[in-house]
Each structure stands twice: as structure tokens, then as C-alpha cells.
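A.B. asks: So the chains spell out like this:
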Amino acid sequence: MFEWKLIVLQNAENVFRIAFRILGSEHDAEDVTQDVFFEAFGLAEPQEVRDWTGLLRRMATFRSIDCLRRRRPTSALDVNLPVDADPSSEVVAREMSERLREAISKLSRQQAVVFSLAYLESVSRDEIAESLGVSPASVSTALYKARKKLKSLFFETTQEITNG
Amino acid sequence: MADEPPFASDADLGDPLRTAVQAIRAAPISDQVLVCVKEHVLQLVPQSSPPSLSRGRSSASLHRPYRTQGRWMQATGVALAAGLLLSFGLHSFPFVAPQLTFAEMRSTFAKQEWVLLKYEDGEEYWVSLRDGRRYLKEPSGRIQYFAPGIWQQYLPPSGPVDSPIAHWPSWGHITESRATPEEMRRIANWTPQSAWQFLMGEYEHIEKAKADRDHPYRVSKAVETVDGQELVRFDIIYTASERVTEGVVERDGQEIVAFIASSDGEGLYSQIWADPKTQLPVRGRKRTFSADGRGLTGGFVDGAYSFPESGPKEIYDLGVPRNAKIVRTYWGAGAAEYIDRPESDERDATP
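Protein chains in written order, with this note's numbering: chain L, 1 to 164; chain S, 1 to 351.
Excised from the complex, chain L in its bound form (with noise of 0.2 Å):
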């Protein structure tokens, strides 16, 4: 039985995850939530979507990329960190966490989604290639391209950080 409710009680939250690990804000992580849902919700034939969980998993990637893009580097986040970590560690993981998100930012949108998927949320090759719409020799390009250049991006931005 198709219904709105149990879409939203399986997704929900996996969404929410997705948008709060590219975006690593509660604010921007539960807005994008509710933009993703609005825009399922104004779909003109939802009866024909078949794998809502890879459907939504999409728009979250690319609505939250999107949204990391648009981001200063200045913008307030509210990343969470174990209380009981070691606090050196924590801020390192914390910055780290930060740098990785504007690195990402800089990547082309593609290149970015693709990331996100296969190392956040630890989606197949063939799955990504299905959810967009590309071959999957593609996605593995796109992400050797994206882990090239980040860890050219990333390697600078975090020297200052790593050494001290």
C-alpha cells in the first residue's frame, strides 16, 4: 500500500543523515530535508517511483551539494562530536570535517554528488551510475577525478592543521 507517511517514516531520516554529512549543520541539514519532501510530495505521478530510498537518496545528495556550493567558507556550523573524544581530536576532526566540506564545494557538481555517495554513504558503483543516469565506466572517472583534485585541494588547506 503506497502511502506518503510510510515513505516518509523509511526515508526521513536517511535523508537527514545525507544532507548533515555533506552539510554538517542541523539547520541547513533538516531545511534540505523538508525541501526534498516537498519536492516528492509535488511530483506529478509518485505512484510511478519505484525505489523511493535511491530516488530521495539523489535529491538529497544534489540538493545538499548544491547548497555546500553555495556556502561561504565563513558560515556558522554545528557539527557534533563525541563527548567523550579527546578534545585535540575533536577540533582536528572538527576542522578537517570543515576543510573536506569546502573542498568538496569546489568540486564540479557532479564530480561532487559522486563523492559524497561512494565515501558518505557508501553507495555502489551501479547504483550511482543508475541514480544518475550515466555509465558506470563514468562514475568511476568522476571520482578519480574528484579524489584527485581534493586530495590536491586538501592537502594544502590542511598543513597548518595536521602539524600543529
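It cannot be assumed that every hint is accurate.
Claimed, not checked - Each computed BS3-like pair below joins lysine-lysine, with the alpha-carbon atoms no more than 25 Å apart:
1. K118/S to K221/S
2. K277/S to K5/L
3. K106/L to K221/S
4. K111/S to K5/L
5. K111/S to K277/S
Think of the hints as simulated: they come from the structure by calculation, not from any bench.
Put chain S on the given structure of chain L with help from the hints.
C.D. replies: Structure of chain S alone, referenced to chain L:
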């Protein structure tokens, strides 16, 4: 989630990229937040459900089949558990921080009858959220009324000399125009298309412009305690107020004239404080414009929102003298026609 092992291995990342990826994946989210998110999204669910999924199975699908019967049963179990959590958990665990999104505020706002926004400089906006009628009372004494196809304004007999319409010949009268939207744009820089846009227009523009990453605005959100009350504050920040100047640059050993784009940097444009309990705005702050309306000044003006059940019925209710005549000016085919009407015609002028 993936049906096969992830093809992206952390080993391919190398340090420090791997450490950063793992830090992002490990960042925890509290159960309370997740429950709250589900509850909020459930409130947005449309009332009427679309037809059964089974109808679409034989036709072209947007995505490949995903759920087997076993997974459906598992998912239903998860849903039931989540439902129980929603039923009992929300009462057991109070939320630590106020939760309110712009979408929720917009939705609650639209359900009100009237909104009144009073700025500390004396400006007063009345807007009907049912039919779009708007009244604006300015500190100068000018009072305006807007409705679809009608714009009335009253200028007190001793009008300000610096008014952009100081030449207007009808001080002490109510002038009425029936202008086309294009003509209205000549009167105001931006013509709102609804009561909501009248108050929240800048935010609407930003929402629509989200797809354009070059748009020079962004909205951020914060929780702030004001007079002992926890409110959610929405900020509009212009991030790249670009200007183009003419300058001389050297290229290939030659000096050439070029147009140079530069940024004025970031700055706060306006703010709205909303009460997460009522989901309605309570305070507003906006930048003030220069006298000619072409640029922002360095100042701000604060205002307070209220939501009365009823509002003015006509422009006279805002203090226009009852004996003020209606002067109709029709902008048909580009020609302005001035027609003096007796006071008895005022009833016809009120929609």
C-alpha cells in the same frame, strides 16, 4: 543502501583525506533530532495519498525495483517502531533547542487572516493574507492602499518637500490609480505579487534563486534569546554586492580601458525573528534605503509583527480625514487622466 560492497575504498584516499572522510561519517546525530525531523516532515505530508504503487509496476518506471516482499515487511516493522517512538518519545524527551524552518514559518504565516508590521520609525503595514489588500502608513503622513488593480494614496496637506512625488497636485486628497503591473514597476522598484511577498519578498527571491549559485545572497539561521524568549533568527546576507567600475589595465604591454568587477564584501541585509512555538515571526529588521531609494544606508530599522483577526476596511480607517476627496488617475494606454470625483463616489473606489 548498496546491494554490494562499496567500490570506493578509504585506502584510495590517503591521509589526511581519509581521516576527514571518516570524521564526517562518524559525526553522530542524536535520536531526538531524528525523531524531530521525522515529526516535522510528517506534518508536511499531503492529505490525499496518490494511487497504489502497484498501478505503476507494469509501466515505465523511473527507477529499478528495489524492495522485495521481505524488505517491505522489514520496512513496515521499522515504520511501526518509528511510529511508536513518535507517539511516546516526543512526550518523554523535550527538545533542547528550538526547531523551526523557514518553510514551517511560511506555512503558518499563510494561514493567518491579517498581519500588522509596525516599525519603530512609525511605519505601519497592514496586509490581508486572504485577499492581498495592503495598507501602508508612513511616518511622513502618507497613507497608501493597494489592491489588485487599485493603488490609492493620501498625502497630508503639509507634505514633505523631499518626497519623490512632491510635484503631485493633490495634497490633502486621495489619489487613485489603476495601473498595469508594468506601470506599477515604474512606481516601485519591486512590485510584490501577493501579501506574503509584500512582507517576505526578499526571502522569496532568494528561495527562487537557490539554483543560481552566483546569486549574491544567502540565508542563515540561528537561535537567539530575546527578552528571555528563545527565537529562531533568519538572516539574509548579501555576499557579493558587486559593482562594475571603469579602469585602465595593462595587457600585452598596452594600456587598455577595462570594466572591472569588484565586490563590496559581505553584509547583513535583513533579519526575521520567529517564535518556534507559534511558528510566526515576531520581529523584523531591515536595512534602510537612501532618500532616492537607490542605495542602502548603514542603518537598520526594527519592527514588530502581530496577527490581528481583522484589519482596516478602507483607507480612512488609518487616519485619512473622512472629507478627503478621491482623485482618480487612470494610466490607460500611457496617458494619465485626472478626474475629480465628489466625495460621494468614495464608496465606488473602495473594493
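A.B. asks: All hints are to be evaluated individually against the structure, with a verdict given for each.
C.D. replies: How the hints compare with the structure:
1. K118/S to K221/S: Distance of about 23 Å is within 25 Å: holds.
2. K277/S to K5/L: Between K277/S and K5/L the Cα gap is close to 24 Å, so the pair holds against 25 Å.
3. K106/L to K221/S: Given pair K106/L, K221/S holds - Cα atoms ~23 Å apart, limit 25 Å.
4. K111/S to K5/L: With a Cα-Cα distance of about 23 Å, the restraint between K111/S and K5/L holds, given a limit of 25 Å.
5. K111/S to K277/S: The hint holds at about 15 Å.
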